[in-house]
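Student: What follows is each chain in one-letter form.
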Amino acid sequence: MFSGMMKILKMSCEDVYPLISESQDHTLPFSSRMRLKIHITICGLCQIYKNQLAVICRVAKVIGKEDAKILAESNMKPEAKEKIQQWIEKKR
Amino acid sequence: MSNELLEPQKWVERYADMMYRYSLVRVRDSEAAEELVQSAFFAALKSQNSFAGKSTEKTWLFGILKHKIMDFFRSSKNTISIDPTSDKKSGLIKFDSSGHMIQKPGDWKLDPEKTTENNELAQVLAQCLKGLPEKYHRIFVLKEIDGISSEEICNEFDIKPTNLWVILHRARNQLKQCLESKWFQTK
Numbered sequence: 001m002f003s004g005m006m007k008i009l010k011m012s013c014e015d016v017y018p019l020i021s022e023s024q025d026h027t028l029p030f031s032s033r034m035r036l037k038i039h040i041t042i043c044g045l046c047q048i049y050k051n052q053l054a055v056i057c058r059v060a061k062v063i064g065k066e067d068a069k070i071l072a073e074s075n076m077k078p079e080a081k082e083k084i085q086q087w088i089e090k091k092r
Numbered sequence: 001m002s003n004e005l006l007e008p009q010k011w012v013e014r015y016a017d018m019m020y021r022y023s024l025v026r027v028r029d030s031e032a033a034e035e036l037v038q039s040a041f042f043a044a045l046k047s048q049n050s051f052a053g054k055s056t057e058k059t060w061l062f063g064i065l066k067h068k069i070m071d072f073f074r075s076s077k078n079t080i081s082i083d084p085t086s087d088k089k090s091g092l093i094k095f096d097s098s099g100h101m102i103q104k105p106g107d108w109k110l111d112p113e114k115t116t117e118n119n120e121l122a123q124v125l126a127q128c129l130k131g132l133p134e135k136y137h138r139i140f141v142l143k144e145i146d147g148i149s150s151e152e153i154c155n156e157f158d159i160k161p162t163n164l165w166v167i168l169h170r171a172r173n174q175l176k177q178c179l180e181s182k183w184f185q186t187k
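Protein sequences, first through last, are from chains A and B.
The numbering of the first sequence is my numbering, which starts it at 1 and goes up by one.
The numbering of the second sequence is my numbering, which starts it at 1 and goes up by one.
Just chain A, with the same shape it has in the complex:
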């Protein structure tokens, strides 16, 4: 029955799995969105895969917050700034 439904939907896991990732990056066309939704509703494996990607995305954001704290405190080296300043004063 499962494979029969899959045939009707004409979308295998292999077709769907790049779309699961892609749906995190942009809005899929309506037809792809519907087929993806139907496939995921009936396919436990793709549900797991979708959940895994969501976990990766969430955890990456945690890393991003930590990185942002470090970056916010990063400044250019004073000697590099001094070098550019001198060059600008000379050339302008």
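Simulated from the structure, these hints should not be mistaken for lab results.
Don't take each hint at face value.
[Stated by the list, open to error] Below are the DSSO-like pairs computed for lysine-lysine, each with C-alpha atoms no more than 27 Å apart in a straight line:
| # | chain 1 | residue 1 | chain 2 | residue 2 |
| --- | --- | --- | --- | --- |
| 1 | A | Lys37 | B | Lys114 |
| 2 | B | Lys10 | A | Lys65 |
| 3 | B | Lys68 | A | Lys83 |
| 4 | B | Lys68 | A | Lys69 |
| 5 | A | Lys81 | A | Lys69 |
| 6 | B | Lys130 | B | Lys114 |
| 7 | B | Lys94 | B | Lys182 |
Add chain B to chain A, keeping to what the hints say.
Tutor: This is chain B only, laid out in the frame that chain A set:
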């Protein structure tokens, strides 16, 4: 030739640090970031006459910096090339002839909403990121970690959105595999 609308003598004091951070987020290399800021200031100084005051001095300088970053990524050693067949070859996820997964993905039993509290998992993912190929690493970090828009990434790397999606898809699959071996199988 100087332009009265600009104050080059104050550029370093006003913008150097913010331009440096902007570059550092993208190139992840402090020396390269410094060089980019320097070359942006130099280019700005040389093309002062092109500034007509239609934007602010800051916007104009950042526009020049963005072009320098694009040049950096477009230079031969930093070029992003996509092999459309390598996804099949990489064989991270295997399918049977009818396109169904051969191996069931491991159920991580994690609620994505609650994973933000899991610092240990974040540390493992950070390790896994280091194992990504350079081109995947750079783009994944910009998109998912630094939250840079897809449009901006495509512009900076001179790639099409479809290429970006392919790269992100492959990066996620490699990270998924790495997490399964380094984290979930040991839990």
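Student: Now look at each hint and say whether the structure bears it out.
Tutor: Against the structure, the hints:
no. : hint                 : in the structure
1   : Lys37/A to Lys114/B  : holds, 23 Å
2   : Lys10/B to Lys65/A   : violated, 31 Å
3   : Lys68/B to Lys83/A   : holds, 19 Å
4   : Lys68/B to Lys69/A   : holds, 25 Å
5   : Lys81/A to Lys69/A   : holds, 22 Å
6   : Lys130/B to Lys114/B : holds, 24 Å
7   : Lys94/B to Lys182/B  : holds, 20 Å
In summary, the one numbered hint that this structure violates is 2.
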